[in-house]
Structure formats: structure tokens, C-alpha cells
Amino acid sequence: MKLVPLGDRVVLKAIMAEETTKSGIVLPGQAKEKPQQAEVVAVGPGGLVDGKEVTMQVKVGDKVIYAKYSGTEVKLDDEEYTIVKQSDILAVIE
Amino acid sequence: MKLVPLGDRVVLKAIMAEETTKSGIVLPGQAKEKPQQAEVVAVGPGGLVDGKEVTMQVKVGDKVIYAKYSGTEVKLDDEEYTIVKQSDILAVIE
Amino acid sequence: MKLVPLGDRVVLKAIMAEETTKSGIVLPGQAKEKPQQAEVVAVGPGGLVDGKEVTMQVKVGDKVIYAKYSGTEVKLDDEEYTIVKQSDILAVIE
Amino acid sequence: MKLVPLGDRVVLKAIMAEETTKSGIVLPGQAKEKPQQAEVVAVGPGGLVDGKEVTMQVKVGDKVIYAKYSGTEVKLDDEEYTIVKQSDILAVIE
Amino acid sequence: MKLVPLGDRVVLKAIMAEETTKSGIVLPGQAKEKPQQAEVVAVGPGGLVDGKEVTMQVKVGDKVIYAKYSGTEVKLDDEEYTIVKQSDILAVIE
Amino acid sequence: MKLVPLGDRVVLKAIMAEETTKSGIVLPGQAKEKPQQAEVVAVGPGGLVDGKEVTMQVKVGDKVIYAKYSGTEVKLDDEEYTIVKQSDILAVIE
Amino acid sequence: MKLVPLGDRVVLKAIMAEETTKSGIVLPGQAKEKPQQAEVVAVGPGGLVDGKEVTMQVKVGDKVIYAKYSGTEVKLDDEEYTIVKQSDILAVIE
Numbered sequence: 001m002k003l004v005p006l007g008d009r010v011v012l013k014a015i016m017a018e019e020t021t022k023s024g025i026v027l028p029g030q031a032k033e034k035p036q037q038a039e040v041v042a043v044g045p046g047g048l049v050d051g052k053e054v055t056m057q058v059k060v061g062d063k064v065i066y067a068k069y070s071g072t073e074v075k076l077d078d079e080e081y082t083i084v085k086q087s088d089i090l091a092v093i094e
Numbered sequence: 001m002k003l004v005p006l007g008d009r010v011v012l013k014a015i016m017a018e019e020t021t022k023s024g025i026v027l028p029g030q031a032k033e034k035p036q037q038a039e040v041v042a043v044g045p046g047g048l049v050d051g052k053e054v055t056m057q058v059k060v061g062d063k064v065i066y067a068k069y070s071g072t073e074v075k076l077d078d079e080e081y082t083i084v085k086q087s088d089i090l091a092v093i094e
Numbered sequence: 001m002k003l004v005p006l007g008d009r010v011v012l013k014a015i016m017a018e019e020t021t022k023s024g025i026v027l028p029g030q031a032k033e034k035p036q037q038a039e040v041v042a043v044g045p046g047g048l049v050d051g052k053e054v055t056m057q058v059k060v061g062d063k064v065i066y067a068k069y070s071g072t073e074v075k076l077d078d079e080e081y082t083i084v085k086q087s088d089i090l091a092v093i094e
Numbered sequence: 001m002k003l004v005p006l007g008d009r010v011v012l013k014a015i016m017a018e019e020t021t022k023s024g025i026v027l028p029g030q031a032k033e034k035p036q037q038a039e040v041v042a043v044g045p046g047g048l049v050d051g052k053e054v055t056m057q058v059k060v061g062d063k064v065i066y067a068k069y070s071g072t073e074v075k076l077d078d079e080e081y082t083i084v085k086q087s088d089i090l091a092v093i094e
Numbered sequence: 001m002k003l004v005p006l007g008d009r010v011v012l013k014a015i016m017a018e019e020t021t022k023s024g025i026v027l028p029g030q031a032k033e034k035p036q037q038a039e040v041v042a043v044g045p046g047g048l049v050d051g052k053e054v055t056m057q058v059k060v061g062d063k064v065i066y067a068k069y070s071g072t073e074v075k076l077d078d079e080e081y082t083i084v085k086q087s088d089i090l091a092v093i094e
Numbered sequence: 001m002k003l004v005p006l007g008d009r010v011v012l013k014a015i016m017a018e019e020t021t022k023s024g025i026v027l028p029g030q031a032k033e034k035p036q037q038a039e040v041v042a043v044g045p046g047g048l049v050d051g052k053e054v055t056m057q058v059k060v061g062d063k064v065i066y067a068k069y070s071g072t073e074v075k076l077d078d079e080e081y082t083i084v085k086q087s088d089i090l091a092v093i094e
Numbered sequence: 001m002k003l004v005p006l007g008d009r010v011v012l013k014a015i016m017a018e019e020t021t022k023s024g025i026v027l028p029g030q031a032k033e034k035p036q037q038a039e040v041v042a043v044g045p046g047g048l049v050d051g052k053e054v055t056m057q058v059k060v061g062d063k064v065i066y067a068k069y070s071g072t073e074v075k076l077d078d079e080e081y082t083i084v085k086q087s088d089i090l091a092v093i094e
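Protein chains in written order, with full-length UniProt numbering: chain A, 1 to 94; chain B, 1 to 94; chain C, 1 to 94; chain D, 1 to 94; chain E, 1 to 94; chain F, 1 to 94; chain G, 1 to 94.
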């Protein structure tokens, strides 16, 4: 099952911080989310949204920073996603 | 009796989660709604809505995720529906 | 006396539920209103409303579902009506 | 002295209900206002209002129903008027 | 010193009610302001305001009724004025 | 160091009232600001602002009245300025 | 890692005030931020933003004053940035 966003929507997945324990062992994907950082997992087609032409500027795999409190959290097959409008994405991290 | 939505409206019906009891018996359509997941049961004609051209992008039978708290709940012949604007639909589940 | 709505306005009249008493007698038009269901009794001409072209899509006699809390209740010759904008009508019941 | 409304404004005067006393005497124009019913006493020229073309659709003498709480009450020569935008007029009573 | 309003702004000066004392003496310009009535003392050039073409329809000397609570009160050389947008002027008194 | 405003912004500096002490000595620029009065010290280029063409109508040196509570106060080299949009300027004082 | 802003967004970095201790030693970049002053570290491409053409007018290295409470604070590699829309930038400091 996968999410196919409509219009100018983008599906994001939170980026987990790798954490190193005191003993030096790296625990990938452990507990802590990097706030507001996420990876793009699906991109809507853009086009005419609310009467305005929108061109999509992010692509799957981009790491992005998005506006706090924007978007809607959804759960699918026990995975959590955030669906935002592209205009809620502030910047791409390169 | 059926609902024929106007403009960019879409009629949704909540998707019920199948639940398996401890004894292993599947209880289809039992109690719990999957939050924000719904099936499209009717789609408006789109066209000029609030002065803006809207093309409908979902179709009857699509499983969709929609924005929490959006739409209006209506009851017809003891069935419950949610009528939303297409722009409140975030993504199609494929 | 009759109401001739302006612009994109539609005059609605609540649909009363027929109720059957315990003794089996049907009491047509008794007390209880069907929530949000109404019959269209007059339709405005549409046209340029707030700078936007509106085409009327409902007609007198249509049974419709409209948004809760929308519209204005008016009383004329002891009859009660609700005047809504067409965009507050969610769906036609067929 | 008379009021000449600007733009899409309309000057309304409340319609008073004729009341019959117990002794059968009709007291025209007595106390009680008919809620939201008014007679049009002056109509603005319409034209470009807030950047949008408005055509006036009511005329002096029309009896109208207008939205509760809309408009501004003004007093001129001890007469009370309500000045509304035409879009606050819901329907003409014929 | 005089006020030259910008855009669609209009400078108003409150109209004072003449009051007659019990002894019959007229006290011009005494205490009481006529609510919402004012005289136009300066008119902006109109033109493109917030992206919309505005044509000025009032002129210096017009007596007008304006919307309660609209506009900004300013004081210049101990005189008090109210500066409103033309769209806050409801009607001219003729 | 100087402030170069963007778009339709205007940099204002409060006009101080000259105050005469009881002994008759004029204290220029003393304590009290004239409310809402200011001198224009820099003017943005105008042009397309929020999708709307804006032509600047004030110039450096103009004395203006601006809307209470509008604008942002900034401090540069211990001088205080208020940066407003031109549309917050109500009138020029001539 | 660097931030590449989308649309009309601009990445800002707070300007720190150099502080001189009592003993006369300059402590560059010490504690105190200059309120609302920042340096531009990255500029979005502009173009069609929310249906409106935006031309970017600031460039990397500009010192700017921006509206209090606007923008979103983000943290990347332990550096703190503020991402604002260009329209939240009031003026360039030259």
C-alpha cells in the first residue's frame, strides 16, 4: 500500500537521528526525530490548485525542512507520515 | 436514495478495520473506524467552484486519506457519510 | 407572498420526518425535522456573485443536504424557511 | 434631507407590523418590527465595488429580507434606517 | 497645515449639532456630535488601491454618513479629524 | 548605516514636539512624540508587491500621518524608526 | 550540508553584537543577538509563489531587518537559522 498525494501535496517521513551510546555503538533510527526534518516519499502532480498553477519543486528522496505544525499526520501499515502542501516546505537540505 | 454531490464535493464512507478476536475469529466491519481513511462513494462534477476551475481527480471506489475535522457528517437511511471538498482529500491509497 | 432569492441564494424548507406512533398510526409531517435535509422552494438567478460567475445547479423540488449552521432562518406568513447560498448545499438526494 | 447611498449600498426602512388590539382596532405601524423585513428606500449606483462589478438588482419600494446583524443603523431627521450592501439582501418578497 | 489623504482615503470632520437652550438661544457647534455624520474636508486621488481601481465619488463639502468604528482619528493643530477609506462611507446626505 | 526599504515599505522617524518651558525657553525635540506624525526618511521602490502593482506616492522629507499600531519599530545606531507599508500612511501634512 | 530555500524564502542568520568587556577586550560574536537584524545566507529562486510572480530582491551577504515573530527557526549542524518569506524582510541595511 502506498500514498499517492493529490494536487500540491507531498508525503514526508520523519528523519531519525542516529544516536551513539556511551559505549560507542551506533543505534541507527533510534528514538529521536530530528525536528522538522523529513524525507520526501511521494510528490503530488501539482497543476491547478485552488485556481493557481503550482509546479512541484521537490522530488522523492529530497531531505527537507518544513514548517512546524503544518501538515497532517497519517498512519498507514503502522508507518507514520506527514502530508504537507509544497508551500509548507521551507528548504531542501543538500 | 443516493447522494449526488454538488461542485467539487466528494461523498466518503468510513473504512472499518477488520478485527481479529483473541480466539482468532475475524470480525469484519467491526467497531473501529480507521481514522481519516475512507472510500469514495460519490464524486461531484467539479467545474467552476467559487470562481475557480476544479477538475475532479478521485473516482468512486478510491480509498483516500482526508484532513481531520474537515467535511460534514450526514446521515441517510441510517448510513453515515462524510461530505468533503476534494481539496480536503490528502492522498489516494493504492 | 413568496420569496424571490437574489444572486446565488436558494430558499429551503425543512423536510419533516413521518413518524409512526406505537399504535401504528402514521403522523405525517410531525414534530421532528430531518437534520440538514430540506426541499428547494426557490432558486436565485445566479450570475455574477461577488465578482464570480455562478451557475445554479439545483432546482425547485430538489431534496438537498446542506451545511449545518449555514444560511439564515426567515419567517414569512408563519412558515419557516432557510435561505442559503448554493455553495452551502452539499448534495442532492435522489 | 435624504440618503444617497454609495456603491452597492441600499438604504432600508423597517416594515412595521399592523397590530389589532383586543377591541378590534387596527393600529397601523405600531410598535413591533417585522424581523429582517424592510422596504428599500434608496439604492446605490452599483458599478465597480472593491474591484468587482456589481449590478443593482433591487429597486426603491421592494420589500426585502436581509441578513440578521448585517448593515449599519443610521438616524436622520428622527427616522431610523439600515444601510446594507446589496449582497446582504437575501430575497425580495413578492 | 492641511491633510492631503493618500489613495482612496477621505478626511472627515464631525458635524456638530446646533443646540437651543431653554431660553431659546442657539448655541452653534455646541457639545454634541451627530453620530456618524461628518463633512468631507479632503479627498484622496483614488486610482489603484490594493491592486483595485478606485474612483472617488465624494467631494469636499459633502455631508456623509460613515460606518461606526471605521477610520482613524487624528489631531492636527488642535482640530480633530477622522480619516476613512471611501468604502467606509455609506451614503451622502442631500 | 542606512535603511533601504524593500517593496512598498517606507521608513519613518517620529516628529518630536518642540516644548516651551514655563520660563519661555524652547526645548527642541524634547520628550513628547506627536502621536502618529512622522517624517519619511526612506522610501522603497514599489513595483509588484504581493502580486499587485504599487506606485510610491510619498517622498523623503514628507510629513505624514500613519495608522496607529501599524508598522514595525526598529532600532539602528541608537535611532528609532518605524517601517510601514505605504498603505498604512493615511495622509501627507502640507 | 546547506539549506536551499524554496520559492520566495530566504535563509537568515542572526547578527551577533560584538561586546567589549570592562577590561576593554572585544568578544566577537558574544552572547547578544541584535534584535531583528540578520545576514542573508541563502535566497530562494522566487518565481510563481501562491499564484503571484515574485522577484527576489535580496542577495547572499545582505544585512537585513525583518519583521518580529515572522519566519521559522531551524537548526542544522548545530547552527540556528531563521527562514522567512522575502516579504517579511523590511529593509536592507547599507
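Hints were generated in silico from the structure; no laboratory data involved. Everything numeric in this text was worked out from a predicted model, so none of it was measured. For glycine and all other residues, C-beta sits at the position ideal for the given N, C-alpha and C. Among these hints, one or two may not hold up.
[Claimed, not checked] Simulated pairs of lysine-lysine, DSSO-like, Cα-Cα distance not exceeding 30 Å: (1) G/63 - A/13; (2) F/85 - F/63; (3) G/85 - A/13; (4) D/13 - C/13.
[Unchecked claim] If we take Cβ atoms under 8 Å as the criterion, some of the chain B residues that face chain A in the derived model are: (5) 36; (6) 39; (7) 65; (8) 89.
Here is what the structure says about each hint:
no. : hint        : verdict
1   : G/63 - A/13 : 35 Å, violated
2   : F/85 - F/63 : 15 Å, holds
3   : G/85 - A/13 : 24 Å, holds
4   : D/13 - C/13 : 27 Å, holds
5   : 36          : 6 Å, holds
6   : 39          : 14 Å, violated
7   : 65          : 5 Å, holds
8   : 89          : 6 Å, holds
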